[in-house]
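Q: This is what each chain is made of:
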Amino acid sequence: MVCANGETRTTKRRSLMNRACILLAGVAMVSVGVARANEKLVELSKDNGNWVMNGRTYEAQNYSPLTQISTSNVKNLRVAWSFSDGVLNGHEGAPLVVNGMMYIQSPFPNRTFALNLDNPGRIVWENNPKQSSAARSVACCDVVNRGLAYWPGDDTTAPLLFKNLLDGHLVAMDAKTGKTVWKIENNDIRVGSTLTGAPYVVKDEVLTGSSGAELGVRGYITAYDVHTGAQKWRAYATGSDESMLIGKNFNITNPQYGTSDLGLETWQDNGWKIGGGTNWGWYAYDPQENLIYYGSGNPSPWNATMRPGDNKWTMTIFGRDADTGMAKFGYQKTPHDEWDYAGVDVMMLSEQRDKNGKLRKLLTHPDRNGIVYTLDRTNGDLVSANKIDDTVNWVRHVDMKTGIPVRDPEYATYMDHKARGVCPAAMGYHNQGFDSYDPQKQRFMLGANHLCMDWEPFMLPYRAGQFFVGATLSIYPGPKGNRQTGEGSGQIKSYDAITGKMSWSKMERFAVWGGTMSTAGNLVFYGTLDGFIKARDSRTGELLWKFKLPSGVVGNPITFEHKGVQYVAIYYGVGGWPGVGLVFDLTDPSAGLGAVGAFKEMAHYTQQGGGVMVFSLNGKGPYDDVNLGEYEN
Amino acid sequence: MTIRMIFSATATATLALAFASPAFAAYDGTHCKKPGVCWEPQPGYPEQLVGSKYDPHFDPAELAKQQESEDAMVARNKARTAYFIKTGTWVEDVNQIPK
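Protein chains in written order, with UniProt numbering: chain A, 1 to 633; chain B, 1 to 99.
One thing to keep in mind: the hints can contain errors.
[Unchecked claim] Sample of chain B residues facing chain A (criterion: CB under 10 Å; computed from the structure):
#: 1; residue: Asp28
#: 2; residue: Val37
#: 3; residue: Cys38
#: 4; residue: Pro46
#: 5; residue: Gln48
#: 6; residue: Ser69
#: 7; residue: Asn77
#: 8; residue: Glu92
It is worth saying that the hints were derived from the structure and are not from the lab.
We put the CB at the ideal spot given by N, CA and C, even for glycine.
Kindly produce the complete structure, drawing on both the sequences and the hints.
A: Written out as structure tokens, the structure reads:
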């Protein structure tokens with residue numbers, strides 16, 4: 001089509017042509033703008049001064065090339081500055097750092113703070129949303145929030161920060177002022193649906209998931225236009241192919257995973273309408289493939305006898321087109337889940353040679369079910385599937401041709417039967433922790449849980465907005481822990497996705513819930529539930545440094561450089577599922593879906609708190625200048 | 001007892017044990033009707049729930065509530081974004097959006 005003068009036909013035809021030309025020109029301008037915004041975000045993410053998204057870059061590796069802090073000097077790390085955000089409860093995720101500003105996000109009531117790294121002693125702005133306290137009563141596992149997303153702005157719209165509110169809203173804030181620009185309803189707490197995950201920005205859209213599978217919520221992922229909040233697409237986790245954005249080319253490379261119509265066919269009695277599959281975890285994105293990656297969560301209810309079938313497409317690693325949401329592939333890791341192995345865990349992208357020497361674009365996902373999956377992220381091919389720990393017992397192995405987990409029926413769960421000694425427990429051998437990948441060593445640094453359980457289902461009715469679980473759990477440390485003392489429920493490991501071997505593995509007192517961060521200084525950092533931030537040699541696992549924080553950790557560390565100094569930052573604030581006993585003062589061991597008993601010893605080590613702690617070598621930082629921020633008359 | 005009788009008795013017992021063993025008979029996920037459809041009921045449990053001991057007795061009105069709520073949210077969001085695009089002002093309460 002030529003969009004110029006010289007049209008010789010009727011006026012009506014000319015008018016239509018002109019409209020089409022204007023539309024095309026608009027599309028072209030939008031495309032250029034989209035490309036620029038995406039490129040700007042990629043550029044920002046590679047700057048060592050920033051930590052602009054969860055995972056640091058779209059590869060979601062939680063890895064930094066910074067080397068100022070190394071194995072030789074990490075023992076000299078000291079506090080440079082700290083900030084209490086005034087909110088207790090579990091602080092999952094991590095702050096963002098963009099162009100000299102740190103953005104901090106709290107659990108409910110989801111306060112956001114901006115601090116200038118030049119003088120973090122003064123709050124630049126705060127966004128303190130008003131939301132219904134009723135949201136607290138439908139949150140399954142503490143009132144956590146996993147963080148923020150940043151969009152760098154374009155010619156028409158200033159840079160934005162996005163956050164989810166527990167009551168189901170997605171909020172766009174002006175990154176410079178903190179003022180709310182728009183606020184969308186994504187979930188309805190009256191039907192039990194909440195938001196605890198972090199939003200994710202790709203091009204000019206912001207993605208958000210959903211929470212509430214413990215209340216029978218049917219999960220969905222939604223993309224909104226960053227400029228206006230207008231919905232671009234939504235894909236459900238269960239139901240018709242149309243509602244799930246599954247087309248005829250779905251799983252075309254791997255039809256053995258299943259293809260069309262299974263979101264209805266693998267359920268009975270309309271159970272898919274309340275079938276769970278909420279995605280409250282993490283995302284990754286490959287700009288070349290234009291695919292986003294995430295995991296759908298557990299089917300609902302937990303009582304598996306009440307939902308016969310494979311329950312597709314819960315428990316699935318999805319690769320979806322970022323522009324349309326159409327699913328290119330879906331691999332269901334735990335068909336007909338019987339143990340609440342909600343597979344929303346982190347997706348880490350890498351490029352490695354497989355066992356045949358072929359360089360492949362990979363996606364590695366440590367799953368709650370105790371298996372670390374590595375897929376070819378271009379088409380969903382299963383490359384490896386290995387146990388996080390040799391004590392995983394619900395599954396014998398994963399059939400690499402079909403992708404099917406070959407279950408051990410001894411650890412099945414069903415009505416009128418109490419399953420004992422199932423490993424992992426419902427909390428998984430891995431959960432929401434954002435782990436890291438060191439591309440130099442080609443190793444994944446996994447913060448793991450070591451928890452097993454007894455499980456006894458019971459029947460219950462579905463009522464919208466009420467809990468819909470149907471199982472009583474007793475959770476305790478795995479075989480390598482100490483079931484007498486209730487300790488030894490965590491591990492930290494270095495994993496080779498090609499050989500399937502662990503390079504090293506160390507036990508921890510409690511689950512390593514928050515994840516890891518790796519650096520080119522041969523270090524892996526992580527926080528612990530009993531309130532330490534630790535650094536280990538990522539080559540050997542040797543413990544090199546630790547510091548006792550004001551409260552336990554359920555988030556992941558980050559690192560950034562500012563004015564020549566490398567900093568390491570981490571949220572403190574115990575809570576989340578492992579901390580529900582502390583947070584809500586519960587003592588019944590089966591309360592908190594089994595977590596209270598599993599972590600009953602934690603109260604002897606830490607109590608509630610909430611904020612961020614920032615470290616540097618010898619504590620070097622802005623307040624080396626003692627006059628900085630002083631009152632001047 | 002002859003050797004043949006012993007062998008026969010042993011074989012019968014082994015066969016009986018094999019069928020009685022949960023590890024043999026129970027659902028292990030490997031017997032698929034077609035790709036992606038591999039679920040089987042546990043031995044002695046119903047294939048179809050409705051009318052069985054484990055019928056969840058779903059109420060269609062309750063099952064419809066989530067979609068009704070989502071449709072209503074989508075409609076309200078459309079009204080908000082349309083007004084925002086038109087005026088540059090975000091109005092959260094849709095009842096306050098000028099017609």
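Q: Decide, hint by hint, whether the structure agrees.
A: Hint by hint, here is what the structure shows:
1. Asp28: At about 5 Å, which falls below the 10 Å cut-off, the nearest Cβ of chain A leaves the hint on aspartate 28(B) intact, so it holds.
2. Val37: holds (6 Å)
3. Cys38: With a minimum Cβ separation of about 6 Å from chain A (threshold 10 Å), the hint on cysteine 38(B) holds.
4. Pro46: This interface hint holds because 8 Å falls under the 10 Å limit.
5. Gln48: Holds, because the Cβ-Cβ distance from glutamine 48(B) to chain A comes to roughly 7 Å (cut-off 10 Å).
6. Ser69: holds (4 Å)
7. Asn77: Nearest chain A Cβ about 5 Å off; hint holds.
8. Glu92: holds (6 Å)
When the structure is compared with the earlier hints, no violation turns up for any of them.
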